[in-house]
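K.L.:
Sequence:
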Amino acid sequence: MREGLWCSGPELTALELAGSLSELELTVLLCEMMGTYSVAPGYQGGMAQRAKPLTDPARLTVFLREVGGVKGSRALEKALKLAVAESASPMETKLVLRLCLPAAKKGFGLKLLSMNKPLEVERLGASTNDRGIRKPDILIAPWPGSDANPVAIEYDGEECHMTREGVLSDTVRGNELKAMGIGEYRVNREIYRNINYMEYLVEKVREEAGYPRRHRSAEDALRRKREHVELYKELARIGNVV
Numbered sequence: 001m002r003e004g005l006w007c008s009g010p011e012l013t014a015l016e017l018a019g020s021l022s023e024l025e026l027t028v029l030l031c032e033m034m035g036t037y038s039v040a041p042g043y044q045g046g047m048a049q050r051a052k053p054l055t056d057p058a059r060l061t062v063f064l065r066e067v068g069g070v071k072g073s074r075a076l077e078k079a080l081k082l083a084v085a086e087s088a089s090p091m092e093t094k095l096v097l098r099l100c101l102p103a104a105k106k107g108f109g110l111k112l113l114s115m116n117k118p119l120e121v122e123r124l125g126a127s128t129n130d131r132g133i134r135k136p137d138i139l140i141a142p143w144p145g146s147d148a149n150p151v152a153i154e155y156d157g158e159e160c161h162m163t164r165e166g167v168l169s170d171t172v173r174g175n176e177l178k179a180m181g182i183g184e185y186r187v188n189r190e191i192y193r194n195i196n197y198m199e200y201l202v203e204k205v206r207e208e209a210g211y212p213r214r215h216r217s218a219e220d221a222l223r224r225k226r227e228h229v230e231l232y233k234e235l236a237r238i239g240n241v242v
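Residues in the sequence shown are numbered from 1 upward in steps of one, following the numbering used here.
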């Protein structure tokens, strides 16, 4: 018998928790496991950063295939289809879920292209052909077949974006993305909590990303808004679900 400490890996941990969490709680947990942060109430900002994710969609998919139809595997598989990888904070996770969960799950139904993925940009004001790397928090994919460009959405946390250096960096990044034809929208905590503002912002993102115009009745629009509010409240109740 081997001696030492044995512990559950992230994939098995998620499977073991699948039976005790709601689908949305499990989705948020997977986003954390596949992200570069860990919810840590004792840390400044309530989280700790890590160099790389604990797991990723490919590893979770292989794990589910290997364990077969054991208890919790179906719930984990469904949550994996909703979760996103490479989130860098709990608020980024909650924002991207509100934006990109399908309408059937009370989200706005935008299509995610990437999160925090390196994007090569031209350095404005620098020498010819000087290139740099930017990592938009959330990059929304343009509508297929349209001639629109992706749209970036940045979440501004209070700690790093309110300093003089942070404001300057945000401005330069936004200009560099705009020079590539990528529009950028910014969301902070106050905007995130403003239901009416978020409804308006998403409509502008849809328009800029080439989404088809929607023709909805006033009754249907009100129902969808109520669902958006329900998702907002459900996410607000979810903290550290581990």
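It is possible that some hints are incorrect.
Stated by the list, open to error - Simulated pairs of lysine-lysine, DSS-like, Cα-Cα distance not exceeding 25 Å: (1) Lys111 / Lys225; (2) Lys78 / Lys135; (3) Lys111 / Lys71; (4) Lys117 / Lys204; (5) Lys81 / Lys52; (6) Lys52 / Lys117.
Claimed, not checked - The following label-pair restraints were derived from C-beta to C-beta distances: (7) Ser146 / Glu16: 40 to 50 Å; (8) Thr61 / Lys178: 20 to 30 Å; (9) Val62 / Glu23: 15 to 25 Å; (10) Thr61 / Ala218: 58 to 68 Å.
These aren't lab readings, by the way, just hints derived from the structure by calculation.
The beta carbon of each residue, even a glycine, is placed where N, CA and C say it ideally should be.
K.L.:
If you test the structure against every hint from before, which numbers come out violated?
P.N.:
2, 3, 8 and 10
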